[in-house]
Amino acid sequence: MYAQLVETGIRQVRSADALTGREQVFQRRIDDGVRVEPKDWMPDAYRRTLVRQISQHAHSEIVGMLPEGNWITRAPTLKRKAILLAKVQDECGHGLYLYSAAETLGASRDDLLQALHAGRAKYSSIFNYPTLTWADIGMIGWLVDGSAIINQIPLCRCSYGPYARAMVRVCKEESFHQRQGYDLLIQMCRHGTPEQKEMCQDALDRWWWPALMMFGPPDADSPNSAQSMQWRIKLFSNDELRQKMVDQTVPQAEYLGLRIPDPDLAWNAARGHYDFGAIDWDEFHAVLRGDGPCNRERLAARVRAHEDGAWVREALAAHAGKRERRAAA
Amino acid sequence: MSSKEWPLWEVFIRSQHGLAHKHVGSLHAPDAEMAINHARDVYTRRNEGLSIWVVRAADIVASSPGDKEPLFEPANSKVYRHPTFFPMPDDIKHM
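Chains R and X, in that order, are what the protein sequence lines are.
Each residue of the first sequence is one higher than the one before, counting from 24 in this note's numbering.
Each residue of the second sequence is one higher than the one before, counting from 125 in this note's numbering.
There are no misleading hints in this set.
For each label pair, taking beta carbons as the anchor points, the in silico distance ranges come out as:
(1) R:D314 - X:S139: 46 to 52 Å
(2) X:P131 - R:D228: 46 to 52 Å
(3) X:G190 - R:V326: 40 to 46 Å
(4) R:R180 - X:S139: 21 to 27 Å
(5) R:E306 - X:E197: 52 to 58 Å
(6) X:H145 - R:D270: 41 to 47 Å
(7) X:S175 - R:K195: 17 to 23 Å
(8) R:L288 - X:G190: 53 to 59 Å
With the C-beta cut set under 10 Å, the calculated list includes, among others, these residues of chain X facing chain R:
(9) V148
(10) P154
(11) M158
(12) D165
Hints were generated in silico from the structure; no laboratory data involved.
Please read all numbers here as calculations on a predicted model, not as lab measurements.
All C-beta atoms in this analysis are idealised placements derived from N, C-alpha and C, irrespective of residue type, glycine included.
Only chain R is shown next, with the shape it has when bound in the complex (with noise of 0.2 Å):
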């Protein structure tokens, strides 16, 4: 999802009778759903799977922020522009909120993002995904955060406090994201010219399969799953998360009189489901080694608003300094 493939390190799971003492006692409390603090002890795996898992998260909030970034110039209506700014702007909290995260499990906000501008940490592999169209705005909106949103409702009840907090958050904002952009393509497809319409199918044709995308590999092949459901930092499989996306999403398709680009999809009346075709995981697994479409056009914007910024930084901190030995004085 916002955060795929997270290593756990750990590829087998053990039994109760496995771990040590320290290790039993945490995970009972995991089982009984009490939430791991910061000052808790806990297992140097669950810490360092959950750095990388959240920081994840956060890196890819803040780069999903450059395709929407690239339409703020160019929104049709001042109406629609504060709408994108606001939205825009909620992603960077998201990113702060995420980061903060991180620290109370000794993480350095520096580090992390350092190690992201580095190209050694991961985001999002939807974000490497070109915009270009203002309908891709209403896709992103709809697909891309809608998709968020089941991911992260579970992640409010995962099992470490200052996590399961930011995503409270997140996820009360989030909502906002997807009706604007839902909104937005309801203008275009049911209100709109023929032409608007037709850039609206031609966005859905592009964003679909990346959005399924999103949740992840197969649980087949998601070897780190079994860990992360056992201490409850990953709450539903990516399998069963992409097919509660889907099925809220055909009927909101139909809504819009758009078609989504599957010949596969067909309801499934014995499972109570709608049946999809298969992925192009190969696609995905290029999009996270870094071939795809836009990640070196994103991480060199990402790298340069930060090396642009440094003397924001540099001022603030020598003026807080200078006030400092004044006061000192």
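Go by the hints and put chain X onto chain R.
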């Protein structure tokens, strides 16, 4: 310029409803004034608050999880501190 990280601040917000300031999260800022500005941007974009406190995280002293029993256990056996410990006859009103 050193790459020294801005200090961490804990943020407390008092919402409109006449409640106490409540911890909402943390952020980095070079000084108190910027911490308040950042807290405004990060934590009150939707009318969440009327007042902001910021405290340097390093200045907060916290109890440790290991002290949980000596600190909080004694209260468990003192149920008479709760009004529900004293059943009132049905005929008695306003108590």
